[in-house]
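Engineer: Just so you know, the protein sequences line up as chains A and B, in that order. First residue of the first sequence? That's 1 in this note's numbering, and the numbers climb one at a time after it. First residue of the second sequence? That's 1 in this note's numbering, and the numbers climb one at a time after it.
No wet-lab data here; the hints were simulated from the structure. A hint or two may mislead.
With a Cα cut of at most 27 Å, we get these calculated DSS-like pairs of lysine-lysine [unchecked claim]:
1) A:K699 / A:K609
2) B:K6 / A:K962
3) A:K962 / B:K92
4) A:K952 / B:K10
5) A:K962 / A:K699
6) A:K769 / B:K74
7) A:K769 / B:K92
In this text, all values refer to a predicted model and were calculated from it rather than measured experimentally.
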Amino acid sequence: MSNRRFFVLEEESLELEPEVIENAFESQFQGHLSGDAAADTISEWQKRLAAFLPVTRSQVEVLHTKYSSLLSEDAFATVVNELLDRTVQPPTKASSHAKATETRSLENTVNDTCFRITPQSSYSAPPSVKEIIVLDDLEDEAPTTHVKRPLAGGVDKYPKKQRESGWKRFIGSFQVRAWAVRPTVRPLKFRQTMRMKRLIPKSLKKTGDRFGSTAVIRLEDIETHREIGRLPEDVTKMLSPLLDLAVLELDCRVILCESRLSTGDSFGVQIDCYFSHHAFEEIGAAGTLNPFKKRDESKFALEPESEVALKLRQKSMVKLFAKLNVRALGNSQPSVVDDTLGDEAESEKADELNVNQLKELYRSSQQAEMLENLPETVPPNTFQLELRPYQKQGLTWLLYREKETKGLKAVEELEAEPWNQTQQVSQHLTQDEIEEIVEEEGMINPLWKEYNWPEDTSFANEAATVAIDRASSSSSSFYANMYSGELSLEKPVIRQVTKGGILADEMGLGKTISTLALIHSAYFDKLYDARRAAREHYAYKTTLIVVPMSLLSQWQREFETSNTHLKHKCYVYYGSDGNLGDLTSYLCDDGAPIVVLTTYGTIMNEWAKNSRRGPEGGKLSGIKSGAKAANSFAKSSNTSGNGLFSVKFFRIVLDEGHTIRNRTTKTTKAVYDLTASRKWLITGTPIINRLDDLFSLVKFLELEPWCNVSYWKSFITVPFENKNVSQALDIVKAILDPIIIRRTKVMKQKNGRALVELPEKEVTIEYVKFEEEERTMYDWFLKKAENSFQEGLKSGELLKRYTTILVHILRLRQLCCHPLLVGTAGDELEEISVNPIELSEFQPPTHGALSEQEVEATVAGFSTLDLSNTECSICTNSPVSLHETCVTPCGHTYCLECLLCHIDFQVQRGNDAQCPMCRAAISKKALFRVRRNRLMNEFYLYDSKIISSKIKALLSHLRALKDRQLGEQVIVFSQFSTYLDLIETALAYESDDYLVYKFDGRLSMQERQSILEKFQSKQSTGRITVLLLSLKAGGVGLNLTNASRGFMMDPWWSRSIEDQAIDRLHRIGQLRNVKVVRFIMEGSIEVKMLKIQERKKQLGEIVSAQEEERRQRRIEEIQLLFEEE
Amino acid sequence: MSSLPKRIIKETERLVSDPVPGISAIPHDDNLRYFDVAIQGPSGSPYEDGTFKLELYLPDDYPMCAPKVRFLTKIYHPNIDKLGRICLDVLKNNWSPALQIRTILLSIQALLGAPNPDDPLANEVAEEWKSNEALAIATAKSWTEQFAKEGD
């Protein structure tokens, strides 16, 4: 860095050549002396002028005569200016301005409102300019340490060092009572200018974190330089950050001082405020932001400091605007924004964000109208499927977001292949329409408000033909961002460099299809060819689609069915076998697949691998020389390659994009590291829990400036937490509006019909009763849970016990499903080790059970039993099919179901269960079932534990279906994989008529695919096909419209998850009415879970951005769970 | 009303196609769980030649619990009260789902042939039966004559 010479004009004197001045005066103003009344003023003027200009009394007198009609102080200023204008040939505006810019307003320029001195031209070598060395950076500490801290305000009438040239503009005045620090002999004069001096305690200079807060602003007599008074603390606090950041320039005049002052007396001053041109510089540019910046410091180390400065600036700016009563245009309310730090806490209506507001968010004004009027775009012929009208509109929007609307012709020209007839594409878009859409994007950034420049009522006005930059003076208004304290002269439009956005159509509206249509419509970067792309490791023809594993095959299938272009390939990049190392040579090629499908897991694994290899791996290595890339295949064998991170993609699409809603997860971080020129998120639910979910999505999309955490925090999270909901929502809305498209099923098309008309959906709750033994067990666990809860409540440590209580709750929920589930960890509580003691404590009653010997003996007695022609005496069915047969120890056969029903009935009435035939005592623990083993009948003990009450209820439904229809396909949902196992076993026991498939998180991709294929293929056997679906693994994305019956075995905390699962059936393509039964155990925790679901629906979990509130709500929820009926 | 279990349909069919001698049971058209029953008094009993009308209703829990049966025809019997209610173990605690309408009606018929005054329902009748059996039987006969032979 070169040390520049920095001239600081000392305030003592500026020596003009006396003759010049004298001549000027004598020629112009001779003989206009007025009476004695003016004598005082003249003396004073002379005295003041003498401080820096050698003037004679006669000269002053002349000037006084000319300007005495003006207010004295203004007159003085005018006089001084006139004086200078006469003596100095000011450089033309243009040249001075150019020079100023050229030198980055740094050096040698002195400017002051009243003097407009440009030293370069007026003084060839200013005699009293002290030469000091400063660092390159303007805001460096150097000037502070070498010279007295400059008065950041340019108020002082002395051509004291002004660090930069530029302009300033009046923003307003305010009066304040200053207090005297020393006695004065006489009262201060009206309009006497006070010099303001900003002191910073030394100890704070370096830390900067409390900068401005303990500062002092001195008011000094301009002649004696003696401190006379100080500004009160609150004003000091407000002004000092702005002064330090050179945002504000001040002019201070005495307005009220009735008598001579003693220490501690107060006197009134008026402070005229001007924004300097620095105020309008971009924050963060050239380090204007941070006066403490050191050149060696890395950017990162600086961040907190600059953030503090930013915050202070914002705070002060808000206060200043309030003080000056500057109001935004079109806003009757004072433009005071809540001080986000809560000092004055003028919180607005503290309304909460509930579901309605969330809906409102989605249904933002832009959406409805814009969507309705969007022209339709027909995808090219390579895309085989017919789009619905709204999907064609959506395609227009998607292309528009990628700035493709105008460029599609280019595709056509480049690709002269006969099957690629893109002329249909975008021809519907007229120029007007495009512009219309473009205009919409030019919306003012909602954080900014427009302000009119106020009329200049400062003392200095008129007197000093204020030096305003011509360029700026023409504008009548400026823009201010009260959330950041930034100012701007130009209309701050939301910049959108992001190509992409969020496709948030409701479930079932064909997001997949829309995405594929987009890919077909614009599948490569027109600016690139293979050679250039390979050089830059740019997969210019490839869209990377990241999907949850369960959807991989579905996407692939959809791609294959929609694609007719022979050269358009889809490559599934999954698992270790797909790992090609550096993918450059494969993907940055003319023949690259247009779609690469992969899963979040794959990306996360690769990312983890790359980051383990240190900085050499990961993205850095992706930017290698072409020569290295060529070797990549040879290399990949031992380094395992960098996979997806080795190239930049043309486009990335994240399906179920809310997967990355938590920005701290590995997967999310991995996804952030993928690079692409266009980024899309597909999700039906962009916000699941909290407003902050959005941030992660915005960050992925690299949406400036919101992808910066601190911005997001201070503009959205903090206001939201401070109950400034509408403000936060406004911003969120403004962020989302341009980048999100969301249509719902109920939305009306132009013709007034809903976008999608689906068959009816009927969801019913079926309450199931516990069996006696289950009840005993449940009650036992419930008691334990309640005790734990009560203890927690008493000791006030409920939240500390949170996990313990969660385990208790989990136990209860599992008991509702099946007693055998207890002891397995729930999916959501994997980290909590199951306490085995807890389980063994419970000793189920064992009476009635048979010992092994007894079992053997009894089974031996069955050898003579003829099972070929049995009749169940309970239901009179004959013969009873073998797998339904149940044999009592007394040798009588029944249908298992009938006998169990009989036993239950008797037990319920307090009777001992008896064999209906011989009245021998029977029990569920001593029943036998039969299975065919080779040609023999094999008897085995019936395990009542296999079938819980809920499974029984499910079975009876399935039985009814079996009786009624043939070939029904049914989906059974549960959140417990282990439960699905039990149901599978139970179904196998129950009947051969069920064809059971199980789909859960333990399956590999291929297995998932084959299971779904099998399930979806029509069964001609007339058997009932059952898909056991894990709520977690299969709750999203899957398309299971071939089934119309669903059974929800257990409730989830939030209804929306269940709804989403149900929508696997109830979506486009479903032709029959959908019936779903939700099983709920009577008088159990599940009933209360329903209540909580209901409650959540009302309050909206989204509200709980605030930690404290969320905790409170959790407690309430737990209380709800344990509340007495 | 819940749909009719297969068993009830089956039983009804069998009662019609393969009736028990001396017993008829016909379901109502509008309620297939409600039967009009007629039982012939067993020969050799005071009720011989009488036709006794009964009503029979199958509750929802049937066959887990017993059908409800009641005499409509007045009868002089120690185990049947004025309201026609019947004291019979299989209709109460000794019910078993293995029993059916047919078997229950047979039991009732048998009860007519073998009154059991030691487990009475109509106490006065039972007293009479025990103190002066001949008189009781005569009364039973005259009641049969009087009430159970209208249709013939």
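Engineer: Which numbered hints turn out to be false for this structure?
Structural biologist: The structure conflicts with hints 3, 5 and 6, although it agrees with all the remaining ones.
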